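Student: Chain residues, written in single-letter form:
There are 2 protein chains.
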Amino acid sequence: MSDSKNPLSEVRERIDSIDRQIQELIAERAMRAREVAKVKGEGLSAIDYYRPEREAHVLRMVVDRNKGPLSDTEMVRLFREIMSSCLAQEDPLKIGYLGPEGTFSEQAVRKHFGHAAYGLPLGSIEEVFQEVAAGHADFGVVPVENSGQGMIQVTLDMFLTSDARICGEVELRVHQCLHALTGQLADVRRVYAHAQSLQQCKTWLRLNLPGVECIAVGSNAEAARLARHDESAAAIAGEIAGKIYGLKTLATAIEDRADNTTRFLVIGRSLFPPSGNDRTSLLVTVNDKPGALYDVLSPFAKHGVSLNRIESRPAHTGKWQYAFFIDVSGHIHEGNLKEAVSEIESSVASLRVLGSYPVALP
Amino acid sequence: MSDSKNPLSEVRERIDSIDRQIQELIAERAMRAREVAKVKGEGLSAIDYYRPEREAHVLRMVVDRNKGPLSDTEMVRLFREIMSSCLAQEDPLKIGYLGPEGTFSEQAVRKHFGHAAYGLPLGSIEEVFQEVAAGHADFGVVPVENSGQGMIQVTLDMFLTSDARICGEVELRVHQCLHALTGQLADVRRVYAHAQSLQQCKTWLRLNLPGVECIAVGSNAEAARLARHDESAAAIAGEIAGKIYGLKTLATAIEDRADNTTRFLVIGRSLFPPSGNDRTSLLVTVNDKPGALYDVLSPFAKHGVSLNRIESRPAHTGKWQYAFFIDVSGHIHEGNLKEAVSEIESSVASLRVLGSYPVALP
Numbered sequence: 001m002s003d004s005k006n007p008l009s010e011v012r013e014r015i016d017s018i019d020r021q022i023q024e025l026i027a028e029r030a031m032r033a034r035e036v037a038k039v040k041g042e043g044l045s046a047i048d049y050y051r052p053e054r055e056a057h058v059l060r061m062v063v064d065r066n067k068g069p070l071s072d073t074e075m076v077r078l079f080r081e082i083m084s085s086c087l088a089q090e091d092p093l094k095i096g097y098l099g100p101e102g103t104f105s106e107q108a109v110r111k112h113f114g115h116a117a118y119g120l121p122l123g124s125i126e127e128v129f130q131e132v133a134a135g136h137a138d139f140g141v142v143p144v145e146n147s148g149q150g151m152i153q154v155t156l157d158m159f160l161t162s163d164a165r166i167c168g169e170v171e172l173r174v175h176q177c178l179h180a181l182t183g184q185l186a187d188v189r190r191v192y193a194h195a196q197s198l199q200q201c202k203t204w205l206r207l208n209l210p211g212v213e214c215i216a217v218g219s220n221a222e223a224a225r226l227a228r229h230d231e232s233a234a235a236i237a238g239e240i241a242g243k244i245y246g247l248k249t250l251a252t253a254i255e256d257r258a259d260n261t262t263r264f265l266v267i268g269r270s271l272f273p274p275s276g277n278d279r280t281s282l283l284v285t286v287n288d289k290p291g292a293l294y295d296v297l298s299p300f301a302k303h304g305v306s307l308n309r310i311e312s313r314p315a316h317t318g319k320w321q322y323a324f325f326i327d328v329s330g331h332i333h334e335g336n337l338k339e340a341v342s343e344i345e346s347s348v349a350s351l352r353v354l355g356s357y358p359v360a361l362p
Numbered sequence: 001m002s003d004s005k006n007p008l009s010e011v012r013e014r015i016d017s018i019d020r021q022i023q024e025l026i027a028e029r030a031m032r033a034r035e036v037a038k039v040k041g042e043g044l045s046a047i048d049y050y051r052p053e054r055e056a057h058v059l060r061m062v063v064d065r066n067k068g069p070l071s072d073t074e075m076v077r078l079f080r081e082i083m084s085s086c087l088a089q090e091d092p093l094k095i096g097y098l099g100p101e102g103t104f105s106e107q108a109v110r111k112h113f114g115h116a117a118y119g120l121p122l123g124s125i126e127e128v129f130q131e132v133a134a135g136h137a138d139f140g141v142v143p144v145e146n147s148g149q150g151m152i153q154v155t156l157d158m159f160l161t162s163d164a165r166i167c168g169e170v171e172l173r174v175h176q177c178l179h180a181l182t183g184q185l186a187d188v189r190r191v192y193a194h195a196q197s198l199q200q201c202k203t204w205l206r207l208n209l210p211g212v213e214c215i216a217v218g219s220n221a222e223a224a225r226l227a228r229h230d231e232s233a234a235a236i237a238g239e240i241a242g243k244i245y246g247l248k249t250l251a252t253a254i255e256d257r258a259d260n261t262t263r264f265l266v267i268g269r270s271l272f273p274p275s276g277n278d279r280t281s282l283l284v285t286v287n288d289k290p291g292a293l294y295d296v297l298s299p300f301a302k303h304g305v306s307l308n309r310i311e312s313r314p315a316h317t318g319k320w321q322y323a324f325f326i327d328v329s330g331h332i333h334e335g336n337l338k339e340a341v342s343e344i345e346s347s348v349a350s351l352r353v354l355g356s357y358p359v360a361l362p
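Line by line, the protein sequences are chains A and B.
With the UniProt record's numbering applied, the first sequence corresponds to residues 1 to 362, in that order.
With the UniProt record's numbering applied, the second sequence corresponds to residues 1 to 362, in that order.
With the rest of the complex left out, here is chain A (with noise of 0.2 Å):
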């Protein structure tokens, strides 16, 4: 226990040193925030020189030069903050999300704009683009997709009524796991998770438990502490919810849908320049005729953009036309996507761009 041996000392000694150099460059970091406020004008809002172009590239490169001990995740999380607690010497933006606090959308909204930020936890996703849409928050969080579940479709039927423009987007990956106190499976006899958990599971359960009672539970926090105190039950959770049980792991990666990520999108006002990679949402509504879709599509694949999604939806706008919304690869400003989109709009009922914004990061 003693601090007076040389090698922890001197370990401690350069640790000093390097917070020194490090607090010295966010000082600086923080003034020539500043300086670019002033450029912008004075007085303004982080509202009006929040770049979010600016901070997926400066993020990309952080990607980029790291070359670890820390994770890609890691470093970027910090420079999130750090970033984020620059922006936020002027009036810091308020980010309007799905309360309560501790869910998921919190989880979304400060893994993209990091904790300096005000969060706005809102009663209805309604309710986070109504705020947005009134200016009384700056941008919102909205979960959109559930790769295990599909699309979420009250989000995008807000897209049909509101002049929402997409400005971001945020992946939150869960992988669930088995964990149980005895570490084999074959002590398992019943197997508790959240409700919603057991739905992502049922393939892996039915071919790997198959006669196991499943019991669902008020969260996969509670299921793992209840077979903390039973040798013959499993619990369905989170990589580290077995590390922090003490429950050993049996299974990773259990859901039907291997890659089982929430995507939210960020939404404000405006449409940004290009940030290197980047991703277009399309909001595109037709008539219900032969073909259709097929014009839509084409010159996309004529123009060499990459189609990421396309999701159909009845339009509120007519009865017999449909909306698509498509996600694209590639920037609206930019050559091919702007050639492509122009040559769909003269054969189509209405087109929006919904947004052009970067690529979700780690």
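Note that these hints are calculated values from the structure, not bench results.
Predicted, not measured: the structure shown is a model, and the values here were computed from it.
Treat the hints with care, as some may be off.
Identical copies carry no separate label here, and so any pair may be met within one copy or between two of them.
Derived pair list, reagent style DSS-like, types lysine-lysine, alpha-carbon separation capped at 30 Å [claimed, not checked]:
#1 LYS289 - LYS248
#2 LYS40 - LYS243
#3 LYS248 - LYS40
#4 LYS67 - LYS243
#5 LYS289 - LYS302
With chain A's structure known, arrange chain B on it following the hints.
Tutor: Relative to chain A, chain B alone:
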């Protein structure tokens, strides 16, 4: 909107160069942290080389060096996160707290341990003590005092029956303000707030808004939202809520106790060495006889030890015994406190050092 103008791109180039240096330094810091782990032994978890007294010392240096433009609180926050990431390279610390997520207790966990630690939301304060005692959590964070409402008895009582050690304290400061749409006190006909906030501000309300209707709602955030749509209403909420909800602030720090702080204790299983600015918590049991408390307190005065807090509780050990929770300045390994304590020990039924720990940072 053009990026190509010189002043802006010059500043951005400088920021890129700063970021490059910060990243190199953080990576080196993470490697040095691994060296500390190696000095202490291979294959350890974070708990084996986490040193709260060293962290407190590092953060106090950060405050001493800070010349802005970031506030002490923001700069300390960033260093907490950097240390949190460096520490979490091994098995991260597991921190139990009174759940669910998103509560004040979780804020205290994050303020003290950063976001790379694992948070373990638990069902009750008792459970936090149990999980720490059983080693399922490395540390626990429990509320112990709200300056408006006094000591939290359930936390104090847990120390009577458990062997928990206090390893740190965290303070969260919350000022209540009155916000309204018009910014005119004369317009206010009703005040919305959470019941607890109405209670905390009742003197101010009686003096400044006599006869005005007070309406308890689910949260202060809801109160602020209601006030935004009603010119004759005001809401009690935190300082930033006014900005967030677009209201004007009519009065600040309206709580009856001006310094409205919630204090949390970090509990663990061992005592740590001095950090240079520490507090010691003692649990003293005395028999109920005249002069008993005087006998306890006089050695502190004699040895020049400052008394920070004292709280009496009926002891669980004997019918006519009382327990005193006493907080004093200094570390139990330091001379004058050590002497005072050994004098007291000879005159009381029992004395237990609950912990010596760094005084809370901003």
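Student: Now, for every hint given, state plainly whether the structure supports it.
Tutor: Hints, one by one, checked against the model:
1. LYS289 - LYS248: neither (56 Å within a copy, 54 Å between copies)
2. LYS40 - LYS243: Between. Shortest inter-copy distance 22 Å satisfies the 30 Å Cα cut-off; intra-copy 48 Å does not.
3. LYS248 - LYS40: Between copies only: 26 Å across, 55 Å inside.
4. LYS67 - LYS243: within (26 Å within a copy, 41 Å between copies)
5. LYS289 - LYS302: Within one copy, since 22 Å is at most 30 Å while 95 Å is not.
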